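Visitor: Read off the chains here:
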Amino acid sequence: MRIPQSERELTFWERIYLPEVIRGLAITGRHFFVNMARHLAHLLGFRNVPKGAVTYQYPEERRPISPRLRTLHRLARRADGSPRCVACMMCETVCPANCIYIVAAEHPDPNIEKYPLRFDIDLGKCVFCGFCVEACPEDAIRMDTGIYDFAAYTREGMILTIEQLLSFEPAPYVQVPPQDRAADPGPIDARQRFGVSG
Amino acid sequence: MPTVTIDGRSIEVEKGTTILEAAKQIGIDIPHYCYHPGLRIAGSCRMCLVEIEGVPKLQIACYTPVTDGMVVHTQSEKVKEARRAVLEFLLVDHPLDCPVCDQAGECYLQIYYMQHGLHPSRVREDKLKRAKMKVLSEHIILDQERCILCSRCVRFTEEVTKSYELGIFHRGDRSVVDLYPGIQLHNRYQGNLADICPVGALTDRQFRFRTRVWYLEHAKSVCPGCSRGCNVFVDYNVRRGYKAGGRRIVRLRPRPNPWVNKYWMCDDGRYGFTWIEALDRILAPRRAEGGQLREISWSEAIRHAAQWITEAAREKRLAVLLSPKMTNEELYTADRLFRSLGARMIGYWAEPSSPGYEDEILIRGDKNPNTAGAHWIVGRASGIPQEDHLARLAEAMEAGQVDTAVIFLHDVEGAKAGERVLRALQRVERLIYLGTNWNRTATLSKLVFPATAFVEQDGTFTNFEGRVQRFWRAVEPLGQARPILSILRELAVACSVEPLPEDPEEVFALLALEHPFFSGMDYDRLGERGMRGQLEAPVEVRVK
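Note that the protein sequences, when read in sequence, are chains A and B. So the mapping is simple: my numbering equals the position in the first sequence, first residue as 1, plus 19. So the mapping is simple: my numbering equals the position in the second sequence, first residue as 1, plus 916.
Hints listed in this document are in silico derivations from the structure and should not be mistaken for laboratory results. Just so you know, not all the hints are guaranteed correct.
[Claimed, not checked] Computed Cβ-Cβ distance ranges for the label pairs, DEER-style: (1) B/Q1223 to A/E175: 57 to 65 Å; (2) B/S1215 to A/L136: 41 to 49 Å; (3) A/Y75 to B/V1039: 50 to 58 Å; (4) B/T1190 to A/A116: 30 to 38 Å; (5) B/T1359 to A/L136: 33 to 41 Å; (6) B/W1175 to A/A116: 40 to 48 Å; (7) B/H1035 to A/A116: 31 to 39 Å; (8) A/E175 to B/T1190: 24 to 32 Å; (9) B/K940 to A/L136: 38 to 46 Å; (10) A/L136 to B/P1097: 33 to 41 Å; (11) A/A116 to B/R1343: 56 to 64 Å.
[As the list claims (entries may be wrong)] Some but not every residue of chain A turned toward chain B, in silico, with C-beta under 8 Å: (12) M109; (13) T112; (14) P129.
[Said to hold, decoys possible] If the Cβ cut is set under 8 Å, some of the chain A residues that face chain B in the computed set are: (15) M108; (16) A123; (17) E125; (18) E132; (19) C148; (20) P156; (21) D158.
The model shown is predicted, which means the values in this text are computed figures rather than measured ones. In this text, a Cβ means the ideal position worked out from N, Cα and C, and glycines have one as well.
Work the whole structure out from these sequences, hints included.
Guide: Laid out in structure tokens, this is it:
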């Protein structure tokens, strides 16, 4: 494959490098100061000045997310708190990343019959395609926790166990009013939104 | 012989052949549930209805013998409509719990629904509740809701095992398959019930919930449990096996062979594969040092073994105990190697301390898969009666005539006079053991080699009728285990003897040239179902 390249030769001025660096810094600096001035003006009550660029103070502030966004998995529970999952291994089968691992066991209730003893999701492998949610015949695995920031210090730490998956709650459903969808609704306090500390 | 035309294709068949069997011969698959080639015809499921020209009503293909000039349609609109209707009836009370059903993936309700049904449910009534998870024995569990009352299981217990445990009780839509009161399944062929059940009503408790069938891969193999040599499929899971604690072999199931095991296999063979991945597998070569067996490298182990063997063979102080659990190729290679080195004695038989269970169906008393092969390859030339192999070995060791012994696969402990042999073995300074699992003989040894299990290699066994049958490798060897052929080859090289090939097919070709019993055979000719050996009928080895 031919890699498209710029046809234009660099000019002498560009090739000596330093002036271009200074020019770039000047552009960045201009944006910084213009935005600072606009935010400052708004703060002081000058409403007719154009709005500054919107920045979310992540992780303290978070952008509202679409309810359709695929976020961290959870396992739904029955009324008695036991997993809804029947360990049919459809999600394990359909998973293109092979990141789900289920061990099934015998349930004493003949109407349930089978339940997952282990249900591990390796987030280090997961590609968040959502096929597992689509494949589930029991609507037991869902990706609606609203959690999308997770990290660990080890590879093993990226593996979610069944206890963790069952402990997650769905994110509260926030309807974004249509008139606000065009205009940015602005930042929402993350702690208030998700009940996450820090 | 009558000629029948099925879907426009004509075939001449034996008189008395049914339409279903005739269709099978020309590759037309007529859907069926209750028909099983190994059982009496029941004609109860009505799934195999076909249209016969000149007959006003549809007829069941499984029980209608063909007549000359018969014209059968299996794909006409009338037939398709009938199949859909039959499936709809069969599914009226079916719980549709496919997600938790082990049969899903190899269930004929699923398969035929996708092929012939695809109708929406019109049933508004509640489904009838029946017993679920009913334990029939230590191996089999029954779900009456999933049952379609094909009666295959009932006929199996009546005709094959003749143990009469199962029956169909009550009438109409309340009919259920169940045990006769007060008993459990008590035959030795229960695993077949789970195999022949076309739906998920009878499932295998050992296999239950361990995996899903679509994860499995299949290898053709031969059961090493007794001298019958039942043809089996080894179902293994290597895609996710690494997560299941290394357990890859999930189940064995019979592979039909009309000459050997028909459609069945016994429970001892079916559930007797756990040693392959047991914790006591020998995983690396070891050498006794300072009272314990220390792990050493393969090259080191081969070097030691070759030194011991050549030294002992030069002074005629080497004894070799091969095993009727070894393949024909391994026996031939080992026999050639140790004879050319000059072993004092080569035996293979360890008389078991008690006779094995035997019945009229499949199970043989001789629990070794290749006794006949060992007899033809090793036993006939040696001239020592088979029963005396172990006693002669013990005598030689006790008299101090032997100071180096090589033992293949045996656990001497379970043999007649086992204690005597073990005591004698303790006196042998250079005891070499090649085997798969740890046992008392292995722990007494001074040099231990890990050998592969039958699922980890190719080879052939000769069954008690003299049928030579191939088996195929399923999985990689566990740990550092190597096929015996490869170990023998390295030993031969280290002993400066001309080595035989490592590939079992090449070894078998040499074997067929040398031993008249195997003449005319090669791997291609053996195929999937094996070949009877040449010469007079092989002597049957009976355990006294």
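Visitor: Would you mind marking each hint as holding or not holding in the structure?
Guide: A quick look at each hint next to the structure:
For B/Q1223 paired with A/E175, a C-beta distance near 46 Å fails the hint of 57 to 65 Å. As the Cβ distance of B/S1215 to A/L136 is approximately 43 Å, the hint placing it in 41 to 49 Å holds. In this structure, A/Y75 and B/V1039 meet the distance hint of 50 to 58 Å, their C-beta atoms being roughly 55 Å apart. Range check, B/T1190 to A/A116: Cβ separation about 32 Å, and the 30 to 38 Å hint holds.
A hinted range of 33 to 41 Å for the beta carbons of B/T1359 and A/L136 is consistent with their spacing of about 35 Å. Here the CB-CB span from B/W1175 to A/A116 is close to 47 Å, well matched to the stated 40 to 48 Å. The supplied range of 31 to 39 Å is met by B/H1035 and A/A116, whose beta-carbon atoms lie about 36 Å from each other. Against the hinted window of 24 to 32 Å, the Cβ-Cβ separation of A/E175 and B/T1190 comes to about 29 Å, which satisfies the hint.
At about 42 Å, the CB distance of B/K940 to A/L136 agrees with the hint of 38 to 46 Å. At about 35 Å, the beta-carbon gap between A/L136 and B/P1097 stays in the expected band of 33 to 41 Å. Taken as a hint, the range 56 to 64 Å holds for the pair A/A116 and B/R1343, whose Cβ atoms sit roughly 59 Å apart. Checking A/M109 against chain B: minimum C-beta separation of about 7 Å stays under 8 Å; hint holds.
Taken as an interface hint, A/T112 checks out: its beta carbon lies about 7 Å from the nearest beta carbon of chain B, inside 8 Å. Because the closest C-beta pair between A/P129 and chain B is about 4 Å apart, less than 8 Å, the hint holds. Contact between A/M108 and chain B, as hinted, is supported at the beta carbon level, the nearest pair being about 5 Å apart and thus within 8 Å. Because the closest C-beta pair between A/A123 and chain B is about 4 Å apart, less than 8 Å, the hint holds.
Restraint check, A/E125 versus chain B: the minimum CB separation of about 7 Å is within 8 Å; hint holds. Hint on A/E132 holds. Least Cβ distance to chain B is approximately 5 Å, under the 8 Å limit. Checking A/C148 against chain B by beta carbon gives a least distance of about 19 Å; that is not within 8 Å, so the hint is violated. The interface hint given for A/P156 holds, since its Cβ lies 5 Å from the closest Cβ of chain B, which is under the 8 Å cut-off.
The closest approach between the C-beta of A/D158 and any C-beta of chain B is roughly 12 Å, which is over the 8 Å cut-off, so the hint fails.
The structure does not agree with the numbered hints 1, 19 and 21 stated previously, though it agrees with the rest.
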